[in-house]
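Protein chains in written order, with the working numbering: chain S, 1 to 347; chain A, 1 to 251; chain R, 1 to 292.
Everything labelled a hint here was simulated from the structure, so no lab data went into it. Misleading hints may appear alongside valid ones.
Claimed, not checked - Label pairs and their computed distance ranges (CB to CB):
{"hint": "1", "chain 1": "S", "residue 1": "24", "chain 2": "A", "residue 2": "116", "range": "19 to 27 Å"}
{"hint": "2", "chain 1": "S", "residue 1": "305", "chain 2": "A", "residue 2": "179", "range": "57 to 65 Å"}
{"hint": "3", "chain 1": "R", "residue 1": "172", "chain 2": "S", "residue 2": "24", "range": "51 to 59 Å"}
{"hint": "4", "chain 1": "R", "residue 1": "169", "chain 2": "A", "residue 2": "146", "range": "40 to 48 Å"}
{"hint": "5", "chain 1": "S", "residue 1": "30", "chain 2": "A", "residue 2": "17", "range": "52 to 60 Å"}
{"hint": "6", "chain 1": "S", "residue 1": "296", "chain 2": "R", "residue 2": "172", "range": "46 to 54 Å"}
{"hint": "7", "chain 1": "A", "residue 1": "140", "chain 2": "S", "residue 2": "116", "range": "42 to 50 Å"}
{"hint": "8", "chain 1": "R", "residue 1": "115", "chain 2": "S", "residue 2": "191", "range": "50 to 58 Å"}
{"hint": "9", "chain 1": "S", "residue 1": "303", "chain 2": "A", "residue 2": "149", "range": "43 to 51 Å"}
{"hint": "10", "chain 1": "S", "residue 1": "172", "chain 2": "A", "residue 2": "128", "range": "39 to 47 Å"}
{"hint": "11", "chain 1": "A", "residue 1": "128", "chain 2": "R", "residue 2": "178", "range": "46 to 54 Å"}
{"hint": "12", "chain 1": "S", "residue 1": "304", "chain 2": "R", "residue 2": "70", "range": "57 to 65 Å"}
{"hint": "13", "chain 1": "R", "residue 1": "70", "chain 2": "A", "residue 2": "146", "range": "33 to 41 Å"}
{"hint": "14", "chain 1": "R", "residue 1": "92", "chain 2": "A", "residue 2": "149", "range": "50 to 58 Å"}
No residue lacks a Cβ here, since even glycine has one placed at the ideal position from N, Cα and C.
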Amino acid sequence: MTAYPDALAEARSPRRAQVLNLHATVEALVTVALLAVLVAAPALFSRATINDLGQAVCLGLFAISFNILFKYSGLLSFGHAAFFGFAAYTQALLLQSFAGLPVPLLILATGLSASVLGYLIGQICVRRSGAYFSMTTLAIAALFYAVAFKWHAATGGTDGLDSFMPSSLMLLPRWHLDSPGISETYLLVLAILIPVAVAAWALLELTPFGSAVVAVKHNEKRAAFLGYDTHRVKLANFTLAAGLAGVAGALWAIDNSFVSTDSIDLSFSTTVVIIAFLGGSVWFWGPLIGAVVYIAASDWLSALTPHWQIWLGLAFILVVLFAPGGITGLVKSLWRLALRPQAAANV
Amino acid sequence: MSETPLLRLDGIAKAFAGTPVLVDLDLSVRAGERRGLIGPNGAGKTTLINVITGAHQPDAGDILFRGKSIRRLPPHRRNRLGISRSFQILSLFGEMTVGENIRNAILRYRGLHVSPRRLLRRLDTIFTEVAAVAEMVGLGRALQERADNLPYGMQRRLDIALVLAQQPELIILDEPAAGLSAAETRDLIAVLQATIGKRTLILVEHDMDVVYALSDRITVLDYGLVLTEGTPAEINANPDVRRVYLGEEAA
Amino acid sequence: MSSHVASLLVAGSLDALTYWSLAFMVAAGLTVVFGMLGFLNAAHTSFYMLGGYVAYTVAGATGSFWAALLLAPLLVAVTGVILERLLFAKLYRAGHASQLLLTIGLAYVIAEASKLVWGDSAFAVAPPPSLAGRITVLGATLPVYHLFIIGAAMVLVCVIAALLLGTRLGMVIRAASVHPEMVGALGFKVRDIYTLVFAVGLYLAAFAGVVMAPLEGVYPAMADDALVQAFIVVVAGGLGSLPGAFIVAGLLGLVQGFGSVFFSAYAMFFPFTVLGGVLLFRPVGLFGAKSA
Numbered sequence: 001m002t003a004y005p006d007a008l009a010e011a012r013s014p015r016r017a018q019v020l021n022l023h024a025t026v027e028a029l030v031t032v033a034l035l036a037v038l039v040a041a042p043a044l045f046s047r048a049t050i051n052d053l054g055q056a057v058c059l060g061l062f063a064i065s066f067n068i069l070f071k072y073s074g075l076l077s078f079g080h081a082a083f084f085g086f087a088a089y090t091q092a093l094l095l096q097s098f099a100g101l102p103v104p105l106l107i108l109a110t111g112l113s114a115s116v117l118g119y120l121i122g123q124i125c126v127r128r129s130g131a132y133f134s135m136t137t138l139a140i141a142a143l144f145y146a147v148a149f150k151w152h153a154a155t156g157g158t159d160g161l162d163s164f165m166p167s168s169l170m171l172l173p174r175w176h177l178d179s180p181g182i183s184e185t186y187l188l189v190l191a192i193l194i195p196v197a198v199a200a201w202a203l204l205e206l207t208p209f210g211s212a213v214v215a216v217k218h219n220e221k222r223a224a225f226l227g228y229d230t231h232r233v234k235l236a237n238f239t240l241a242a243g244l245a246g247v248a249g250a251l252w253a254i255d256n257s258f259v260s261t262d263s264i265d266l267s268f269s270t271t272v273v274i275i276a277f278l279g280g281s282v283w284f285w286g287p288l289i290g291a292v293v294y295i296a297a298s299d300w301l302s303a304l305t306p307h308w309q310i311w312l313g314l315a316f317i318l319v320v321l322f323a324p325g326g327i328t329g330l331v332k333s334l335w336r337l338a339l340r341p342q343a344a345a346n347v
Numbered sequence: 001m002s003e004t005p006l007l008r009l010d011g012i013a014k015a016f017a018g019t020p021v022l023v024d025l026d027l028s029v030r031a032g033e034r035r036g037l038i039g040p041n042g043a044g045k046t047t048l049i050n051v052i053t054g055a056h057q058p059d060a061g062d063i064l065f066r067g068k069s070i071r072r073l074p075p076h077r078r079n080r081l082g083i084s085r086s087f088q089i090l091s092l093f094g095e096m097t098v099g100e101n102i103r104n105a106i107l108r109y110r111g112l113h114v115s116p117r118r119l120l121r122r123l124d125t126i127f128t129e130v131a132a133v134a135e136m137v138g139l140g141r142a143l144q145e146r147a148d149n150l151p152y153g154m155q156r157r158l159d160i161a162l163v164l165a166q167q168p169e170l171i172i173l174d175e176p177a178a179g180l181s182a183a184e185t186r187d188l189i190a191v192l193q194a195t196i197g198k199r200t201l202i203l204v205e206h207d208m209d210v211v212y213a214l215s216d217r218i219t220v221l222d223y224g225l226v227l228t229e230g231t232p233a234e235i236n237a238n239p240d241v242r243r244v245y246l247g248e249e250a251a
Numbered sequence: 001m002s003s004h005v006a007s008l009l010v011a012g013s014l015d016a017l018t019y020w021s022l023a024f025m026v027a028a029g030l031t032v033v034f035g036m037l038g039f040l041n042a043a044h045t046s047f048y049m050l051g052g053y054v055a056y057t058v059a060g061a062t063g064s065f066w067a068a069l070l071l072a073p074l075l076v077a078v079t080g081v082i083l084e085r086l087l088f089a090k091l092y093r094a095g096h097a098s099q100l101l102l103t104i105g106l107a108y109v110i111a112e113a114s115k116l117v118w119g120d121s122a123f124a125v126a127p128p129p130s131l132a133g134r135i136t137v138l139g140a141t142l143p144v145y146h147l148f149i150i151g152a153a154m155v156l157v158c159v160i161a162a163l164l165l166g167t168r169l170g171m172v173i174r175a176a177s178v179h180p181e182m183v184g185a186l187g188f189k190v191r192d193i194y195t196l197v198f199a200v201g202l203y204l205a206a207f208a209g210v211v212m213a214p215l216e217g218v219y220p221a222m223a224d225d226a227l228v229q230a231f232i233v234v235v236a237g238g239l240g241s242l243p244g245a246f247i248v249a250g251l252l253g254l255v256q257g258f259g260s261v262f263f264s265a266y267a268m269f270f271p272f273t274v275l276g277g278v279l280l281f282r283p284v285g286l287f288g289a290k291s292a
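Bound conformation, chain S alone:
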């Protein structure tokens, strides 16, 4: 939720406004630091780590797009992989057919097509909130999985699609990247991902559109009687979330050079829920942290036990029961706790 304007706050309660400003500033600094580390990663970490990190940021954007629905609209999607998977396949097919066009343009086209899809599907899903929404999104995602599974000609069925990556990627006209290495692909992914994610953050946190989405979440009835077309507001946010999931899927296809039904099946829709809440649904960037932790855990834990996912599931249950804010929520409350004596001393 956006903090109330500081100009007014300062006039009324200068101390309070300072604390609010401090929180906002710290959040902004942490975000910048987080993104800076991601960008600097190729210089800091090994190739294997960068490989993992590439997967993590794509998953992270996907989890952010899921969380956009939950955090800002209170909608819990059980079928968000439909958009991610759709986009991953679309991206693979576009790369196969239009290798002569700049890659960023193709990614943009994929993201747009995913949001058009979201707009159409959202018409059905956002008619009602709560359980109805969760169950219809799950059913629709299952339908998409069935299509991907059956439509062998386009998707390769269970074999999936590979070798769709052109040996030379066109970034801009007359600027090619020949047989890109892991770090180059990773940076290409970030070059798209960061602006897109930051734009979504700004849209929801800083603009009147975002405050409308939040108003409808908090009291749909009152919002309607204040003149908000609550269906369209929810539909708009659903479209946005689908588009972002689409960009994430497109980047995933490029980063992995492989797309299969794994990226559209139901357990993937569940996994993204777990990633988002593990990282923390209260902070916009929390799900990104969740994705990094998820990939790291799958690396370390899977070396110890083949059944590491039990521990992941148990950790998730504990988070749901005892730390609804996830990892970032925990850090945030610790930070508030640490700040409180200082604020009291200032008064």
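Given chain S, work out where chains A and R should sit, using these hints.
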């Protein structure tokens, strides 16, 4: 009477599960009028408001706002035409601050809620407007408070502030004084008298002091029908009204 | 020629009835728990899967399918009671989001835990010898086991209906689902009633899992496969409506049973046509309330 009324209800009927609540009801409110709507519990006052604002669809009859039928419009469209209502059972954005509550009302009224390009922090006029509305209802010092942390009387004022913030042509208040102390009610009357101005008001209220202070015409509902209509003095003198309504109040 | 049509019709009808029975059995428990307790259990079909796996183990140990049919649902229901007391009971009033989150976590854990115990592969479970044969009706060869499934579902429907509508306990349960405080004030232990309903729901899930096992075997993805279908039945039937679930399961059965005869390659899509058809015609589901 050649002038078109701001709001006209024509033969409105509404039943819930077979029980009629409004029966062939006609009502006409001129622009600038302040209309009190009274009647015993179950007379259909809140249902009438719900029908006017679009929360309920009438079973029969038509609703004309500025001469045009709004019967088929959803609530948000009616609000955009200039009808804004408060709620008998408070309906606020409880987890948001007072300032954010009022901002929600103003952004929509200004049509800015769709704007992805304007930054909230740069909407200076909105902020002064939010502060002015809060000041108007006596919540100027509480902009940063969470709405559901406010005392009940202040929450009532915030509910009304959301209506006033939209500068609607037709203000509909559903029992604005419900649950308020005598002192809070006096303050509320003063606030409303100072802020309604030339706008049209429909006021449902049990507290007759509030009704007499704010209405220049009163309609009495009983069992879903208009029992009578008149100036406060006429209503006060009407024996039928005393029997049906005021008598009950005294008992 | 006409005898061929007749045998197709008989085979299709039996398939339809079988699918109807299975779809209803899987969804019934979910619907009961959701309709009565307002608890949406996304791990419901994980208990269905557990039923199948436990039945495989019991049948292997005892050599008797009937022992498995008797024991496995009971064991799963007891597990469910423990989980209800430890976990679910905390979330009755917490809203569907928390319930869904907790139960998908649980589904995740159950899926991984059963891979740990039973491995990644699928197992066949043999039907009891008395039900293993086939009979011929009007030129159509029909597996006896399908008739058993239909019979079992009919018994279940009758038992549930009799329990809920015909007994004092059923009356208290129905009252507790609408006015828990009132029923509590009358001296009934609402907490125990809730646990009982939950246990019944999970018993139904596991029972369906056992019955399904000889048909399609038990395999790690069976929970996910069934969850989609169960959710479709619950949504299209109207959230929490048992009669609605019964009818939608019937529609699914019809489409699956006869559709498979003509378009077997597209069987995967049949449930979605039913969901789409119902929601197009009635957006809140067959027996769904307008509001909420």
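Here is what the structure says about each hint:
Range check, residue 24(S) to residue 116(A): Cβ separation about 20 Å, and the 19 to 27 Å hint holds. The beta-carbon spacing between residue 305(S) and residue 179(A), approximately 60 Å, falls within the hinted interval of 57 to 65 Å. The hint said 51 to 59 Å for the Cβ distance between residue 172(R) and residue 24(S), and at roughly 54 Å that hint holds. A hinted range of 40 to 48 Å for the beta carbons of residue 169(R) and residue 146(A) is consistent with their spacing of about 45 Å.
At about 55 Å, the beta-carbon gap between residue 30(S) and residue 17(A) stays in the expected band of 52 to 60 Å. Hint check: residue 296(S) to residue 172(R), Cβ distance near 51 Å, so the stated range 46 to 54 Å holds. For the pair residue 140(A) and residue 116(S), the beta carbons lie near 46 Å from each other, so the given range of 42 to 50 Å is met. In this structure the hint that residue 115(R) and residue 191(S) lie 50 to 58 Å apart at CB is violated, the actual value being about 39 Å.
Distance hint for residue 303(S) and residue 149(A): a CB-CB separation of about 50 Å, consistent with the stated range 43 to 51 Å. Separated by about 45 Å at the C-beta atoms, residue 172(S) and residue 128(A) satisfy the suggested range of 39 to 47 Å. Remark: the range hint 46 to 54 Å for residue 128(A) to residue 178(R) is upheld by a beta-carbon distance near 50 Å. Taking 57 to 65 Å as the suggested C-beta distance range, the pair residue 304(S) and residue 70(R) does not conform, at roughly 39 Å.
A hinted range of 33 to 41 Å for the beta carbons of residue 70(R) and residue 146(A) is inconsistent with their spacing of about 56 Å. Here the CB-CB span from residue 92(R) to residue 149(A) is close to 27 Å, at odds with the stated 50 to 58 Å.
Hint compliance for this structure: hints 8, 12, 13 and 14 are broken, all remaining hints hold.
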